[in-house]
Amino acid sequence: MSGDYGRILVFRDEAGPREVFLSFDTSGVAIGFNGHVDLGTGIETALSQIVAEELDLPLDRVRMVLGDTEKTPNQGPTIASETIQITAVPLRHASAQIRRELAIRGARRLNAPAARVTLEDGEVRWKDTHVPYESLIAGEEIALRLDTETPVKNPKDYKIVGQSAARVDLPAKVTGRYPYVHDVFVEGMLHGHVIRPPYAGRDSGAFIGKSLVSFDEAAVGHMPGFVAVVHRGDFLGVVAERADQAEAIAEALPVEWLMPPDLPDMTSIADTVRSQPATPRNCDSTGDFARGIGECDVRLTRSYVWPYHMHGSIGPSCSIADWNAGEPIVWSGTQNPHMLRADLANLMQIDETLIDIRRYQAAGCYGRNCADDVCGDALLLSQAVGRPVRVQLTRTQEHLWEPKGAAQVMDVEGGLLGGRFHAYSMDSWYPSNRGPNLALLLTGRITPEPRPSDMGDRTIIPPYAIPHKAITVHDMAPIVRAAWMRGVSALPNTFAHECFVDELAFAAGRDPVAFRLDHIDDPRTAHLIRECAERGGWEERSEPRKRREGRMAYGQGFAFATYVHGAFPGTAAAASAWVCDVAVDMETGEVSLTRVFVAQDQGLVINPDGVRHQIHGNVNQTASRVLKEELSFDEIAVTPKSWATYPLQTFPEAPAIETMLVERSGDPALGVGESAAVPAAAAIANAIFDATGVRMREAPFTPEKMRAALGISASRPALVGPVAKTGWRDRLGGKGLSKRFGLAALLGGSLTAGALALPIHRAIPPAAAPQASSFSSDILARGREVFAAGNCADCHTVKGGAANAGGLAMETPFGTIYTSNITPDPKTGLGEWSFAAFDRAMRKGVSRDGTSLYPAFPYTSFAKMSGDDMFALYAFLQTLEPVEQETPKAAMAVPFNLRPLNAVWKAVYHDETQLAPDAEKSPAWNRGRYLVQATGHCSACHSPRNALGAEKGGAAALSGAPVKGWYAPAIAGEKAASFGWSEESFYQYLRTGVAGDLAAAAGPMAEVVSNLRELPDSDIRAMATYLASMQTGQAEALPVNAAAAVASPDDPATEAPPLDGVHRLFESACAVCHEPAIGGLATAAQVPLSRSPAVRSQNDEALRTVIREGIEAPLNLKTRDMPGFGKELTEAQIDALARYVRARYGAAAP
Amino acid sequence: MNGRPQTLVVDAHRTLLDVLRSDLAITSPKYGCGLAQCGSCTVLIDGAPARSCVMRAAKANGAAITTLEGLAHAQTGELHPVQRGFVEAVGAQCGYCLNGMVMTAIALLRENPNPDEGDVRAALRHNLCRCGTHKEIVASVMRAAELMREEAQAQTSPDGTSSAGEGASA
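Sequence order for the protein chains is A and B.
1 is the number of the first residue of the first sequence in our numbering; add one for each residue after it.
10001 is the number of the first residue of the second sequence in our numbering; add one for each residue after it.
Possibly wrong hints are sitting among the right ones.
[Said to hold, decoys possible] Stretch-level coverage of chain A by chain B, calculated; a stretch enters the list once three of its residues show a Cβ under 8 Å from a Cβ in chain B:
| # | stretch |
| --- | --- |
| 1 | 173-182 |
| 2 | 355-366 |
| 3 | 385-395 |
| 4 | 428-440 |
| 5 | 662-674 |
| 6 | 951-957 |
| 7 | 1114-1127 |
No lab work stands behind these hints, which were simulated from the structure alone.
Where is the CB? At the ideal position from N, CA and C, for every residue including glycine.
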């Protein structure tokens, strides 16, 4: 064999530059080039099989290059399941061409007649001689022009095609080495983050591209990693060194937008769609519908409504672009590399041949998602900064902005004459176009007027022999951004056709499958229907059977369709038929799809396993769409920002699926990408009818819609009814203004009466505090512990601000006060406070200048501290970094803004005596009491306060109270005891933040425990000893899991919440961590919700706070983070979720 | 990190997912939702599954982190039985969620080596797959369980006594 490099390839050049389809070189590997891409369906494997088969080469010596614009032919977007059916055709001929050339050369080398040699396993063989393909091309460059007349193999000789082949990409995917576009690393790349306008998910109207008023780059220019803010029209993005920095800068950038005009009413989607401008286009006017319908003895008029859906790629779109001085390289997960290249050329106003699109796999897209948009984003940013830029869209951005699968409305009329389907009309509205690239719209490169498209006609012609038809599609522009999604308009059109024919069958007193067969002329289609019914266990009936077992109703449905794609009249892809079984819960309205049998006729099967997997995927995804999915809107925009508000089918909901591939190896291969999805909605609706006698004509078939259709009243109205909001203000200040005025009057009276008796505090003159160095290290060490035990830093530091410089706002029922600067700064801090002034402030609540401090400063506890501790704390404070920062003035409500009033308050409530040890008790107990009552001032948060803001004592002490929007639960008394605290659990909790699954510190308490890390173990033990002694009453066993508590439907207090939106929200957003599916999940909540202080609180406020803000666990504790949902959920959703959680878990809360 | 110590200084607010992908070029955990809702980012922390998009990297300080890249046998390079199960039963279409499925399956099989299909579905109920590969994924986990049982059996010495106590690893 010659060692010289050689190559043989097949190309075409009619359309301009040379495009190569296939090459084979002396490395022994064939490389196929296809303009379509693998969207995760395994098409790469199937195309490899086609090449290997025609070339007689082992499958592992074939590679495919898919979609790179520099290398692959332009074969249009990867849509409509066309890859195998259309774009693989030239690849097959190219393979045959190379095979023929190799056969001729091999015969010559072996001195054999060309017609008699055989080709096998990469060799040309003649009798007992053979020669490998590679040696036949060594040293040569052979280029063959594509000849689509080249004879190809007879399918009966296939050895590779038709056999299941292992997916070529899987080994790399399962080891994490497969490079998705998200994983591409380009040397020197920066990170971009885009900021989208408020008109989320909209792409037409005069405001598009013209809504950005201003932004303030100077406000973020100092932030770490900042590189640039880039804008053009409504395109706005930031570039930074790191992705997290870019995101932080984007969030901090002040931006002003004009608000867009309202959307039309999206709650009555059918009326809205029908009322938009549209152009009717007749697709079939066989016979005379007007006459035909008049002749019918049974006439039905029906409307079917399809919602907006999300493609819902699991990976939000990502791209890297390198402007590369005007010859851009774009790493992309696009579905349409050549179309994208044209869009980017338009965006940058350069020739498209200058752009190199390098196509990588992304998450499955099922149609047009943001994969192309993000390339425009990255390229604009890269051009601006002159370096490669990676943009990873967020989940929220992908959710809001992906072009949606369009809503659709089908108005149908038809009828029977003598039991035959005699007349049928359909008007189908499909508000979608092809989703113009977002960057083109945002920058104003293309104008934003509504652009109608013509894709509403897929499978719009019913498959039945009907004498009189009037089939009309209403071509129209999108209402919100939309583009093709799996099944396109064929799925909704078939929903209408196949539900309507089912209804007619029963009206004719016929079995629905038999009725269909009565009207099918095409034998191949009839064969598919018959096979599906027989093998799928179809049970004949002429009326709905309404089988019931207890609360469950069972039914079976049938539907079929041939998916027709491409411009009307289009091309038929595979035909699919469904028999499916449902179970309907007649109390909750929940529909379970339990089994789906799919028979499919796709002609020649390339990779049987690949086809089956594609069918399974279609069934599962479409089941999710039909039973669960529906896009929501507010007045101006698309609303779901996470899976919480757009739930997908979960594993327990997935149906059992059986498939049957009709054997037709002699017929051409048909596309299988989408066909099995098309009958889904109708088959499920027909099964629901069989189970319940109710026709569902508006998807999705959610429990709410089912309950409405079945006339079941929703359970538990209390859960969804208005709930009074109560908080600090109401609890402490009474309900409403009158009572608060009453209090004011009372206080006013006291003030008048007692004014003269008030002690007047003198100011203590400023005196430089001693130098930190003048204190012994023992004193400073002790001071550090007191500082930590008192949690001083937490209240005296603003998040993100200078440590201990004060300024933290404290909301009280009486107004807002701000914590003071406790650093030794002479002007604004404690730098000129003598110990006497400090001690007075701490014990008496009197500031150095003689004014009274508000009791939010817990001097009532600090008064109990020992003199030694007080001095040690004073000493330690002098070692803090001095910060000059004025404390903002308190903003108090009348009359609480009068500081003298605080003096009155003190006269009534303040006890200044230090704690005396209790000789009856152990030293540890006494130490614990001291830490809890004095330094730790636990009562400041855990004791409820009376109407005047004083901590309640006696039995109410430490019995739980709201604090800073959170809830500090009971830690003493019967309420605490029933929770199950013990000395050991108190110790674990205060030491690590976590006490088994009993409690985990969060919110303000997490900071307290974090600061307690400074204290020795003996102090933590002492607090545990003391707190354990404060538990009176017998501890009772706790319910571990509140789910058990909602299982009893008889008790109204524990009745299961209805299966509505908020339930689904909890299940998709919260359950993963709060009802984990898997043991030991390291990011799950550490305690059950029934034990959460926020759930046990008297009202929803604490729960709303934690849902909104999440939990950022101190790094020195074993507690865990919880993400905040404030950005993804609306306040109304957070309110509803809080009510739901308290209803579901609160009943079980001790 | 996959058996090797790694020292790096990161900002306290950064997620483990971000640091793994950006700083350590460990790309098997995927960004899907950032709110622990989909499972694509799952890694093992001291053997327990964790959703790395809601865990800060600093919180994983000192822990053993395992990702798809580190599952194969350190010496032989042989794939983990769960990985083999997913290859054999083709438990992926696009494969973006695959990482989370494999990691969650490992956690399930550690707890329950003999799951039935219902157990597998329940264990995966908080992992999202949009391609609709549920059937193949469940079959992959069932196959993985089988492979793990076979391995455990192979490690039982011929006279029927288990050698697991002598240091064999399952």
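Structure-based check of all given hints:
1. Here the stretch 173-182 of chain A counts 9 residues with a CB under 8 Å from a CB of chain B, which clears the bar of 3, and the coverage holds.
2. Under a criterion of three residues with beta carbons nearer than 8 Å to beta carbons of chain B, the stated coverage of the stretch 355-366 of chain A is upheld, 5 such residues being counted.
3. With a cut-off of 8 Å between beta carbons, the stretch 385-395 of chain A has 3 residues touching chain B; three or more are needed, and the interface restraint holds.
4. Restraint check on the stretch 428-440 of chain A versus chain B: 0 residues with Cβ-Cβ distances below 8 Å, three needed, restraint violated.
5. For the stretch 662-674 of chain A, the stated coverage by chain B is violated: 0 residues have a C-beta nearer than 8 Å to a C-beta of that chain, whereas at least 3 were required.
6. Counting residues of the stretch 951-957 of chain A whose beta carbon lies closer than 8 Å to any beta carbon of chain B gives 0, which falls below the threshold of three, so the coverage claim is violated.
7. With 6 residues having a beta carbon nearer than 8 Å to a beta carbon of chain B, the stretch 1114-1127 of chain A meets the requirement of three or more and the stated coverage holds.
This entry does not satisfy hints 4, 5 and 6, going by the numbered hints stated previously.
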